[in-house]
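Line by line, the protein sequences are chains C and Z.
At position 282 of the first sequence the residue is numbered 282 (my numbering), and the sequence of numbers has no breaks.
With positions in the second sequence counted from 1, the corresponding number in my numbering is that position plus 1000.
Hints are computed from structural coordinates only; laboratory data are not their basis.
Remember, it's a predicted structure, so these values are computed and weren't measured experimentally.
In this text, a Cβ means the ideal position worked out from N, Cα and C, and glycines have one as well.
Do not rely on the hints blindly, as some may be mistaken.
[As the list claims (entries may be wrong)] Derived DEER-like restraints, expressed as beta-carbon distance ranges:
no., chain 1, residue 1, chain 2, residue 2, range
1, Z, Glu1368, C, Ser47, 52 to 60 angstroms
2, Z, Thr1157, C, Lys162, 29 to 37 angstroms
3, Z, Leu1084, C, Ser47, 34 to 42 angstroms
4, Z, Pro1057, C, Gly120, 46 to 54 angstroms
5, C, Leu124, Z, Thr1157, 50 to 58 angstroms
6, C, Gly39, Z, Glu1307, 30 to 38 angstroms
7, C, Val183, Z, Ile1055, 21 to 29 angstroms
The chain contents come next:
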Amino acid sequence: MNLFQAINNSLDLALSSDPTAIIFGEDVAFGGVFRCTVGLQEKHGKSRVFNTPLCEQGIAGFGIGAATAGATAIAEIQFADYILPAFDQICNEAAKYRYRSGGLYDCGSLTIRAPCSAVGHGALYHSQSPEAFFAHCPGLKVVVPRGPIKAKGLLLSCIRDKNPCLFFEPKILYRSAVEQVPVKEYTMPLSKADILVEGDDITLVGWGTQVHVLREVCQLAKDQLNVSCELIDLVTILPWDKETIAQVDLPVCLLTVLPFIYLFISLSKYLKSVKKTGRLLIAHEAPLTSGFGAEIAASIQHDCFLNLEAPIERVTGFDTPFPHMFEPFYMPDKWRCFEAVKKLVNY
Amino acid sequence: MLPIRLACYGLRSVTANCKRINIGSLSQITREFSSDERPQFPGSRSQWTEKLEFIRPDLYDGIPVYRVMDRKGKVIDPSQDPQLPQEMVIKMYKCMTQLNTMDRILYESQRQGRISFYMTNYGEEGTHIGSAAALDPKDLIFGQYREAGTLMWRGFTLDQFMNQCYGNMDDGGKGKQMPVHYGSKELNFVTISSPLGTQMPQAVGAAYSYKRAQNGLCVMCYFGEGTSSEGDAHAALNFSATLDCPVIFFCRNNGYAISTPSKEQYRGDGIAGRGPAYGMLTIRVDGNDVFAVYNATSKARQVALNEMRPVLIEAMTYRIGHHSTSDDSTAYRSVDEVRYWDERDHPISRLRNYMLSKGWWGDAQEKEWKEDCKRQVMTAFARAEKKLKPNWKEIFTDVYHEMPSHITEQLKQMEEHVQKYAEHYPLKNFSKD
């Protein structure tokens, strides 16, 4: 299955297993502009899979209300670039529903899906990766799949999760990412990063499309620099799996009072990534300033300060809107990432 | 033949999976497409005209205001008197007056620094009680912030109101929000949030859920005329109509959005004027007439549920009090204007006159109730004030359904800090549990 087929399958399973589940948004009835909802209205009926008027703030608000009143509400925003009108509903309302009501009310059964990231020609308004805006909003969960197998399981997890979830689907992967996706129903854990390649010299962190770019960087680094990279897909942006990136449960006092024991431990294979490699590269398409890489960098330098052999590097989109003709220059491509690996290894 | 072939092509190019679409028999299409009688646009097939004429909104009189009683509380057309039982009418009166009394005490308490903030409901009690009385207690209410009377009608106790305003350990909201942000799961009143209008599309979604659940319930959505300018209001009205949701939109048009008078809020025929544009059943009522409000809401509920469609009620009223304790309305309106409404067109006086005319109330009862009411409010007040605030660690609860590790980490860090610097934090006011 490719990515949109896997998502379609996941949605189908959600609707089949939960009679309260509904899917709505612009153009979802005929199958959606990316075919993610093909066949669903036919199979599950017009009252469960339906078009809404063209209004993102309405879609989000409607979803929140439906969830509050007992439905499993799966909303689609046509492009992540257009999720901004819904920002108030998502961040001021959905994220805070449980907190502000003292737990009396919640919209945990709300999931909002949106295609995101670069597609080759999307320019300013069909290429955005807005995960950082929402990462700053306590109460939400933000998830980005890297392929069909992960997407099917993660989406089902989001739909069943008891918190409002945002599921950003890298649109370039809809057709290009093809995997042997298990036909049965399965979920995958949220807030758990995946170590895709084990390595010793440097940790590479990314999500969505960027994971595939970083995989190529791992190979390049091995071939040209004899450098062993550890590749991690963050998977969930909020709440994010800091432990896998850098072990945090080692008590601080132990580190300062018993440095030789710490040294022994740091050489041990049990230790999590950056404490093991001492070098971290984060890559994302979203612009540099206040991109989610900034959060990872700040947290890791705090928790792994003494382990770092080099500053934490971020290879990202530039601090500009996403340009049309210049996309090949804008993207955090494998050559920019490779160059960063070189710099860090030779620091 | 040509037009039909083109039509087929157009349809096919739109579907993702190239399914054949049944576009009706050939003769039917030929008839429709060649007809000169009506426009054929998918967006509108109304009528043709060869006159260049713009619609002049100022030439329309405006939707009339439905009422049952005159300003003095005398029923005008007896057929419109809902003939509610004495017990119910007295409950309505007591509810409105208790709300009024509670408002006075809590407004004053803010002035004295006992609570941080308050909003009164002066002049709008009729809109709350008249509408709440016409609903099923299980109908879900989404409010804005000036609908405390609906909660009072449903049985929210004085203690519960005050616990929330004081943010003490018995507040259902666990001390998280400013005063008047009430919520009750038991009484089907969704917790109030400060952003205006956000409740409106949510009410529509909830109504859709209820429709699917076939539970015989509707959703009630309150909002002010100022809020109706928000984008969410437009979204809600449009969604409710296109998705056939059993929701009643109840606009409290009280003439002001803080200092902004309604003539600066809209140029058209108020909020009711917009209803038909959305394809919605609409009525405008005298919000200070409890029976008019009751009748309209009653009927609206019937229609919403029997026909599975939204209804818009615009209740005209007047905000006698300031916007909130942070506002002094003498800065933008005259004391005379306010006095007019307080003395000449008040929902409480009008209902009292009705009760007097029926022989259901008198001076002795008024005096007794006034004292009883005040006593109840004062004792609840004293109780709420004495209680501790919730444990400060509640800061970290309910962000998510389960507490994630990064929040636990922050809680632990703050625990250590508070232990070390205990004397600098007002711990004695907060519960230890």
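Hints and how they fare:
1. Z:Glu1368 with C:Ser47: 52 to 60 angstroms: 54 angstroms, holds
2. Z:Thr1157 with C:Lys162: 29 to 37 angstroms: 30 angstroms, holds
3. Z:Leu1084 with C:Ser47: 34 to 42 angstroms: 37 angstroms, holds
4. Z:Pro1057 with C:Gly120: 46 to 54 angstroms: 48 angstroms, holds
5. C:Leu124 with Z:Thr1157: 50 to 58 angstroms: This hint holds: roughly 54 angstroms between Cβ atoms.
6. C:Gly39 with Z:Glu1307: 30 to 38 angstroms: Holds - the Cβ-Cβ distance for Gly39 of chain C and Glu1307 of chain Z, about 31 angstroms, lies within 30 to 38 angstroms.
7. C:Val183 with Z:Ile1055: 21 to 29 angstroms: At roughly 58 angstroms between Cβ atoms, Ile1055 of chain Z and Val183 of chain C fall outside 21 to 29 angstroms, so the hint is violated.
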